[in-house]
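Asks: Residue-level listing of the chains:
Number of protein chains: 2
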Amino acid sequence: MTTAPAMPNVYTPGAAPVAAEDEARIARRAALLGPAYRLFYEQPLHLVRGEGVWLYDRDGRAYLDTYNNVASVGHCHPRVVEAMTRQAATLATHTRYLHDGILDYAERLLALFPPALAHVMFTCTGSEANDLAFRIARAKTGGTGIIVTDNAYHGVTLATAEASMSIGPATAPGPTVFPIPAPSATNYPEGIATGFAAAVTAAADRMAAQGLKPAALIADTIFSSDGVLPDPAGFLAPAVAAIRAAGGLFIADEVQPGFGRTGGHMWGFERHGLLPDMVSLGKPMGNGYPLAGLVVQPQVVSDFGAKARYFNTFGGNAVAAAVGLSVLDVIRDEGLMENADTVGKAFAAGLRDLAARHDGLGETRAAGLFLGTDIVAQGQPDALRAGRLVNDLRREGILISATGPKGHILKIRPPLPFSLANVDQFLTTFDRVLGRT
Amino acid sequence: MTTAPAMPNVYTPGAAPVAAEDEARIARRAALLGPAYRLFYEQPLHLVRGEGVWLYDRDGRAYLDTYNNVASVGHCHPRVVEAMTRQAATLATHTRYLHDGILDYAERLLALFPPALAHVMFTCTGSEANDLAFRIARAKTGGTGIIVTDNAYHGVTLATAEASMSIGPATAPGPTVFPIPAPSATNYPEGIATGFAAAVTAAADRMAAQGLKPAALIADTIFSSDGVLPDPAGFLAPAVAAIRAAGGLFIADEVQPGFGRTGGHMWGFERHGLLPDMVSLGKPMGNGYPLAGLVVQPQVVSDFGAKARYFNTFGGNAVAAAVGLSVLDVIRDEGLMENADTVGKAFAAGLRDLAARHDGLGETRAAGLFLGTDIVAQGQPDALRAGRLVNDLRREGILISATGPKGHILKIRPPLPFSLANVDQFLTTFDRVLGRT
Chain A
1 MTTAPAMPNV
11 YTPGAAPVAA
21 EDEARIARRA
31 ALLGPAYRLF
41 YEQPLHLVRG
51 EGVWLYDRDG
61 RAYLDTYNNV
71 ASVGHCHPRV
81 VEAMTRQAAT
91 LATHTRYLHD
101 GILDYAERLL
111 ALFPPALAHV
121 MFTCTGSEAN
131 DLAFRIARAK
141 TGGTGIIVTD
151 NAYHGVTLAT
161 AEASMSIGPA
171 TAPGPTVFPI
181 PAPSATNYPE
191 GIATGFAAAV
201 TAAADRMAAQ
211 GLKPAALIAD
221 TIFSSDGVLP
231 DPAGFLAPAV
241 AAIRAAGGLF
251 IADEVQPGFG
261 RTGGHMWGFE
271 RHGLLPDMVS
281 LGKPMGNGYP
291 LAGLVVQPQV
301 VSDFGAKARY
311 FNTFGGNAVA
321 AAVGLSVLDV
331 IRDEGLMENA
341 DTVGKAFAAG
351 LRDLAARHDG
361 LGETRAAGLF
371 LGTDIVAQGQ
381 PDALRAGRLV
391 NDLRREGILI
401 SATGPKGHIL
411 KIRPPLPFSL
421 ANVDQFLTTF
431 DRVLGRT
Chain B
1 MTTAPAMPNV
11 YTPGAAPVAA
21 EDEARIARRA
31 ALLGPAYRLF
41 YEQPLHLVRG
51 EGVWLYDRDG
61 RAYLDTYNNV
71 ASVGHCHPRV
81 VEAMTRQAAT
91 LATHTRYLHD
101 GILDYAERLL
111 ALFPPALAHV
121 MFTCTGSEAN
131 DLAFRIARAK
141 TGGTGIIVTD
151 NAYHGVTLAT
161 AEASMSIGPA
171 TAPGPTVFPI
181 PAPSATNYPE
191 GIATGFAAAV
201 TAAADRMAAQ
211 GLKPAALIAD
221 TIFSSDGVLP
231 DPAGFLAPAV
241 AAIRAAGGLF
251 IADEVQPGFG
261 RTGGHMWGFE
271 RHGLLPDMVS
281 LGKPMGNGYP
291 LAGLVVQPQV
301 VSDFGAKARY
311 FNTFGGNAVA
321 AAVGLSVLDV
331 IRDEGLMENA
341 DTVGKAFAAG
351 LRDLAARHDG
361 LGETRAAGLF
371 LGTDIVAQGQ
381 PDALRAGRLV
391 NDLRREGILI
401 SATGPKGHIL
411 KIRPPLPFSL
421 ANVDQFLTTF
431 DRVLGRT
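Order-wise, the sequence lines are chains A and B.
For the first sequence, this note's numbering puts the final residue at 437, and the numbers step up evenly by one.
For the second sequence, this note's numbering puts the final residue at 437, and the numbers step up evenly by one.
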């Protein structure tokens, strides 16, 4: 059984000097929030302001944000703030009354999906969306088994944490969760598409041997915590056919790749030429406002709808709908999906150019503005150096983090208004840091 | 085994005439949101604006809101909207950076609890807070068994829905959930305090007989969906002793009663003179902004914190903290807890006066501005008439709903700025409606 690593890029007391006032803040934080919270960076960042692709610390120092995929249309986007304020001052109530806002938003959102994905249900977090998908999959299939990749992340509810190998062995895998190796060439030298599909079938067979029936295969369609695995586009389709052949459903977890980030398409699953049974949405959906949801095929949710009702007090409230609509407006009006494609390609090309000059820089995998770059030593994963690079870049005013089962993969996913000039700044700084770290 | 009833106060097509434009809106809603959503009232309400204790429909008609406990400091309170807007325009990021807002809010919030409840963890919904409490209880006790009342509601995640008998038999009770009769004089004629405690012990014994260990007893401290059961204050303490004796924890679910609603105390558990291991918070916490949390004793969360980390992308973000703080400010500055006490007592007294003149009006149970009134016929529950009263009041411009295992209990829990004049309006209207329905 795979055991997950400690979280990459976590603050560890004493690893580097921290200003006295931040030491006090960290102590106060531990006293108030308890032992389960973690901070980023050897020297935690004390932020006070955000704008576009920039974050500012208490001394007014600017940081180029190449990590935060929640403020996806840019930190504190004025159109989003304005939409939120206007609706919050007018009406902020729930889905047991009629309101046009949720209907207009649902219509605009569903128009971005293939017609078969015709319903949307609203939650507040991606965790809740995936958790709801599990409930609906159980009602539809009569099964309970869930297949995930072996460093997956799907949420923090009890059911989704049991399916999230990346957050550590305390919870995952739960008794009905069956992890399989992530879809990489290393794991499937015989071919990712056929190998990954065969792994799904084998996991379903293991379930059957234990007397369990499959409910679903769930996959983050960019495989972010597995190390960013986008290629070759299309490899996921045979795995989806395999879970359906075994009687289960396919849940596309678009919480990280969705809303245009991968460039060229609005959703990560579209790169694979497949039709999910359910699609979970989250992080960038409200640009920081707690808004998430689940898009479903009607025949998938009909059994659940007949047996159970769904009400999420805050999910789909009038303010959430106004915020969500404004985010879709900004993505369209500012051409952010197209920007993710253009700028993402330049970003990936620049990282590959750097790799030709720096031994420790391995493969870069990317789709739009979702990039993963391996840090290696003699061809082997070098998590220690990846951690040093993350912290050195932070000291140079650039924010990224690390990911992957071995923690050696730099994870880069900036707000979508990221420009070619921002890419240049990143590459110039990274070149310098690589030369000395 | 108890099976839960259909949801009280649910729109059923054809039960009453609905305007053509709302018929179209309902059809559009079903097409977009699917089969699991429900509307209130025979004639669903199309709301466009809220202010204080008032909601307004599309024709500008005012409704006195005596039901919505989320907009607890009043619909669209300007101080809350202003706090949200200011922070959303400045910085809206997460808990892996240092930020003073979350610390200031955590400190103010924890100051409202007994000192032993020293940590707070932030989520977005009450469901997530209860679900996290289950995870922490499992880590602390090594058990999985959960004891709940037999018409409880604790959330919509897979784990909390399995513990929510009130949302129907599709999900609850899950295999590790053990329901017991709610703490009423009818269920425990020998005495509520001793009877309810004995039921907890018996449930723990049933678990042991199945090879399970108890993790927790969870109770909404006002027992809202069980029919509003506040009295006699103190009855809950022996049940808490019983679950601890069996090796489990006590989770006080304050999602509905918390934040001053019960009058005299900030939290429902305080009426019972006990100290919970964990306290879950939700609905009124952000006055509509998706904000919730879990307050815990440090030794309860230490095992969980050692084995697992907790990160909720939106939970405790800078905007959530600013909103939460402004809600605490308004509760204090406008004396809303004290108002809930004074006005709630007058409200309950008025309902008891009406009961002396109207046969169908049974017992009223209340703590502050959380009231439940039985509708009866010859002393027996009359859910049909309760439903008629709810709909007649809606036609008269007053919003309430019904609850309880038999659906015959009127549930009244207005925004806390509710005034004595608002009570008079309710009682005058209710008197008239009772005379003819």
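One or more hints might be untrue.
[Said to hold, decoys possible] Mimicking SDA-like on lysine to any residue, the simulated pairs with C-alpha atoms at most 25 angstroms apart in a straight line are:
1) A:K307 to B:K213
2) A:K213 to B:Q43
3) A:K406 to A:D431
4) A:K213 to B:G60
5) B:K307 to A:R309
6) B:K213 to A:T141
7) B:K406 to B:G435
8) B:K307 to A:D431
9) B:K307 to A:G168
10) B:K307 to A:G52
11) B:K307 to A:P179
12) B:K307 to A:I26
13) A:K307 to B:R38
14) B:K307 to B:E82
15) A:K307 to B:T12
16) A:K307 to B:K345
17) B:K213 to A:A15
18) A:K406 to B:Q210
19) B:K345 to B:L112
20) B:K307 to A:K307
21) B:K406 to A:K406
22) B:K213 to B:D231
Hints listed in this document are in silico derivations from the structure and should not be mistaken for laboratory results.
Asks: Does each hint fit the structure? Answer for all of them.
Replies: These are the hints, each one checked on the structure:
1. A:K307 to B:K213: violated (30 angstroms)
2. A:K213 to B:Q43: Violated, at about 43 angstroms.
3. A:K406 to A:D431: holds (23 angstroms)
4. A:K213 to B:G60: The given pair, whose Cα atoms are some 53 angstroms apart, is violated under the 25 angstroms limit.
5. B:K307 to A:R309: violated (35 angstroms)
6. B:K213 to A:T141: violated (30 angstroms)
7. B:K406 to B:G435: holds (23 angstroms)
8. B:K307 to A:D431: Violated. K307 of chain B to D431 of chain A sits at ~38 angstroms, over the 25 angstroms cutoff.
9. B:K307 to A:G168: holds (8 angstroms)
10. B:K307 to A:G52: violated (37 angstroms)
11. B:K307 to A:P179: Since the Cα atoms of K307 of chain B and P179 of chain A sit roughly 20 angstroms apart, the hinted pair holds (cutoff 25 angstroms).
12. B:K307 to A:I26: Given that 25 angstroms is the threshold and the Cα spacing comes to 20 angstroms, the pair holds.
13. A:K307 to B:R38: holds (13 angstroms)
14. B:K307 to B:E82: Measuring from Cα to Cα gives roughly 40 angstroms; hence the hint is violated.
15. A:K307 to B:T12: Distance of about 16 angstroms is within 25 angstroms: holds.
16. A:K307 to B:K345: violated (40 angstroms)
17. B:K213 to A:A15: violated (41 angstroms)
18. A:K406 to B:Q210: violated (41 angstroms)
19. B:K345 to B:L112: Within the cut-off at roughly 23 angstroms; holds.
20. B:K307 to A:K307: With a Cα-Cα distance of about 37 angstroms, the restraint between K307 of chain B and K307 of chain A is violated, given a limit of 25 angstroms.
21. B:K406 to A:K406: violated (55 angstroms)
22. B:K213 to B:D231: Cα-Cα ~30 angstroms, so violated.
In the structure shown, a violation is registered for the earlier hints numbered 1, 2, 4, 5, 6, 8, 10, 14, 16, 17, 18, 20, 21, 22, in ascending order.
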